[in-house]
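For the protein sequence lines, the chains are A and B, in the order given.
For the record, in the first sequence the residue sitting at position 236 is 236 according to our numbering, with numbers rising by one throughout.
For the record, in the second sequence the residue sitting at position 199 is 199 according to our numbering, with numbers rising by one throughout.
None of these hints come from the bench; they were simulated from the model.
There may be inaccurate statements among the hints.
Any copy, or any two copies together, can satisfy a pair, since identical chains are not distinguished.
[To be verified] Computed list of lysine to aspartate or glutamate pairs in EDC-like fashion (alpha-carbon distance at most 20 Å, straight line):
no.	residue 1	residue 2
1	Lys-18	Glu-29
2	Lys-214	Glu-97
3	Lys-162	Asp-65
4	Lys-127	Glu-208
5	Lys-18	Asp-62
6	Lys-18	Glu-63
7	Lys-289	Asp-326
8	Lys-314	Asp-326
These numbers were taken from a predicted model, which means no experiment stands behind them.
Protein chains: 2
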Amino acid sequence: MVSAQQPEGSPPPPTAAKARYELLTLGDELLLGLTANGHLTFIGAQLGRRGALLQRNVTITDEADAIVAQFRESWARSDVVITTGGLGPTCDDRTREAIAEVLGQKLVFDPTIERAIEERFARFGRKMTPNNLKQAYVFERGEVLANANGTAPGLWVEQDGKVLVMLPGPPNELQPMFIDQVAPRLAQRGLLLDREAYVQLRTAGVGESALETKLQPIFDRYGAVLSVAFCAHQGAVDCRVSSPSGALSFAQLEGVAGECAQLLGDDFVCYGHDTLAHVCAEMLRTQEKRVAVVETATGGLLSNAFSESCGACKFFAGGVVCCANDAMMQMLDVPECLLLQHGAVSDEAAVAMATGAAENLGADYALAATGFAGGATGPGGNPVGTIFIALFSPMGVWSKKLSYPGPRSAMKVRAVNAALDWLRRELLRVQRGAVPACRTGVMQ
Amino acid sequence: MVSAQQPEGSPPPPTAAKARYELLTLGDELLLGLTANGHLTFIGAQLGRRGALLQRNVTITDEADAIVAQFRESWARSDVVITTGGLGPTCDDRTREAIAEVLGQKLVFDPTIERAIEERFARFGRKMTPNNLKQAYVFERGEVLANANGTAPGLWVEQDGKVLVMLPGPPNELQPMFIDQVAPRLAQRGLLLDREAYVQLRTAGVGESALETKLQPIFDRYGAVLSVAFCAHQGAVDCRVSSPSGALSFAQLEGVAGECAQLLGDDFVCYGHDTLAHVCAEMLRTQEKRVAVVETATGGLLSNAFSESCGACKFFAGGVVCCANDAMMQMLDVPECLLLQHGAVSDEAAVAMATGAAENLGADYALAATGFAGGATGPGGNPVGTIFIALFSPMGVWSKKLSYPGPRSAMKVRAVNAALDWLRRELLRVQRGAVPACRTGVMQ
Chain A
1 MVSAQQPEGS PPPPTAAKAR YELLTLGDEL LLGLTANGHL TFIGAQLGRR
51 GALLQRNVTI TDEADAIVAQ FRESWARSDV VITTGGLGPT CDDRTREAIA
101 EVLGQKLVFD PTIERAIEER FARFGRKMTP NNLKQAYVFE RGEVLANANG
151 TAPGLWVEQD GKVLVMLPGP PNELQPMFID QVAPRLAQRG LLLDREAYVQ
201 LRTAGVGESA LETKLQPIFD RYGAVLSVAF CAHQGAVDCR VSSPSGALSF
251 AQLEGVAGEC AQLLGDDFVC YGHDTLAHVC AEMLRTQEKR VAVVETATGG
301 LLSNAFSESC GACKFFAGGV VCCANDAMMQ MLDVPECLLL QHGAVSDEAA
351 VAMATGAAEN LGADYALAAT GFAGGATGPG GNPVGTIFIA LFSPMGVWSK
401 KLSYPGPRSA MKVRAVNAAL DWLRRELLRV QRGAVPACRT GVMQ
Chain B
1 MVSAQQPEGS PPPPTAAKAR YELLTLGDEL LLGLTANGHL TFIGAQLGRR
51 GALLQRNVTI TDEADAIVAQ FRESWARSDV VITTGGLGPT CDDRTREAIA
101 EVLGQKLVFD PTIERAIEER FARFGRKMTP NNLKQAYVFE RGEVLANANG
151 TAPGLWVEQD GKVLVMLPGP PNELQPMFID QVAPRLAQRG LLLDREAYVQ
201 LRTAGVGESA LETKLQPIFD RYGAVLSVAF CAHQGAVDCR VSSPSGALSF
251 AQLEGVAGEC AQLLGDDFVC YGHDTLAHVC AEMLRTQEKR VAVVETATGG
301 LLSNAFSESC GACKFFAGGV VCCANDAMMQ MLDVPECLLL QHGAVSDEAA
351 VAMATGAAEN LGADYALAAT GFAGGATGPG GNPVGTIFIA LFSPMGVWSK
401 KLSYPGPRSA MKVRAVNAAL DWLRRELLRV QRGAVPACRT GVMQ
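Excised from the complex, chain A in its bound form (with noise of 0.2 Å):
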């Protein structure tokens, strides 16, 4: 990494993974629970993904002097201070003041934004009240971030060797102005890496403990240079492998991480941050398949799955979301004496379901999920999920019975990457060419 010439004695600049960030979130909205504190878990993915570890994050109100005192603080302890909110043109966005006043900065008119912000309001067909100019005041020695989703800008400062970085609260103005204006920024000052500081593996159906176990003799050939995290989201689970002290290059790393893929086998599901629905719409489109969702307990969210992937008409043959049995026969041809017989949440109706799913929507694969989704749904009540999903594939429809004992969001989730886990494996196999025997009716 080249960096500028440092005067005689001074300290050297810290590298990605030594500076220090804190990031401050602003607004009585996060602390009285009004809105989740989203900026946290974006700003700490961005900069964990490119090698820097946020030290801490603190969540205080919109008071001037709660700004001042907490501003000051993260100041002196940090490299790059982050904050977001308070920005805006109301009386309660104190931000702006409140820092300048920490920096011994002054606040000067900048009539640049002030014509951004008339024309955002002209584009709209909205009249501009005074209170917006506010907007349109940055620091004297400091830099702006041009807001391309809304009128308040973002603001940089370097100043005693730090790195000041006053974001706007919405993330859809965030969000952008963070990727496409600070991570560069800060990669361009040795502050972050221009590039991935890990390389991460997917991997479904498997938990955390028995991966952990499975790849310990490929970590142990490599030793202390090679640092592996594991992260679990209901079912699936992340492995990263990184080097922080730089004895392995990225290319090594994914030769690491290529040994892990081809040792876990199916379990492997991709590289990087790709989710169980992409990778299935992708074999899928490929393939030029579709598939279809028939679901009780899942309650649309698996539909919902596919349909967030792009183009989704191409493989997504279509979902239908069932309560009362008498939706599911009239629209799948589930036969009611079946119902009657073995109930609706047994193999035998999930089997039927997905098998009218894939008929009636013409698709070539159907997922089936049906269940007691639980009664309670309280944070007091737990009750214990029972769910059956099928699957129907070209070469036959089989049935599994999950139990998963949590709150019902949570099972939900898990039920719906079950399924996803379950088409994926298929789609597999046929990609490899390895037919399976055909085989039809309940299978546990």
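Once you have looked at the hints, place chain B on chain A.
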């Protein structure tokens, strides 16, 4: 409020509105953006509902030094400190030891907890590894909060006139522990109210500033003793009225809210925290009617909103999630010529979809949502979303065009809310017996 007698000269204990609350959320997974900080959202909301404002939330890494330094600072300036996470059995669970150091307390082994952990393992047929016994160590001067849903108990300490509450990280353990054990204890000590601190009105279909303008004459009559706060969520706005000074009783606040509700007419949804889908569900149940759903752009989320209600089978006839034209035609008898002439994203298609859903699923009402969800899903891409929604009722079928700029996920929620709100208004009219004139076809 009754408080224990104080020694002469010592300050009175703080009340709910004055108590300084601070929340420490521990865990690298939060700072790396792997897990959203749901504890802030949950605990902030719980405190707010009982009249206390969380002053600050600090998220730090699992390192012992960082925990010691941060806890010392938070403890010094707060009346109540709540910590989450770091109580588990593994070597990176260091919170208990770090905090014992600051408090100058010893950790002692509690055989009751040991037995509870052993019993839990036995119940699930698993073998207890020795590291689990770490969770049986508690403060020598403190109390234990039993954990019905996991192995790590919560801890409660009163020292230096302050309260420390340590909660386990998993939400399904933390949330019931907070509601059932922590909130009542805090209320007993006067640090939380034993009732809701405000009366909330939920509204839909009217913007935040229009709502404020409409209600201002009511608020003006009460003056400074009344505090009002608004919170907007994608097409629905909540309004909270409270009296922090206590000058207005809870019954008087209910009176204010009643005046507001009356003035708002059909824009008023409910008091409290019920969702739009739940309010629709209750009216459908009372009127013994059922609703069906057909959706493209909302991908399954409209069906999921209904399926979240308990006993959804009673009022939810089912949903169809479509994407390709052929599935829609097949399942809902939407004429091909209509789709060819007007396209699947049109008033005409929305009306035909809603009608087809009601007829094929045997429902009295149906909601349709069809639109372009936009291509780009990344944070940099913010497609403009155009969605047509339609409502089928026994009185007729109508459609509406919606335009939502902004990110795809927010657009989906807004469309779901707009559709639910339309159904709610129609059900309200029927409930009042004010039957509208029969109208069919497109209405913009």
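Which of the listed hints are not met by the structure?
2, 3
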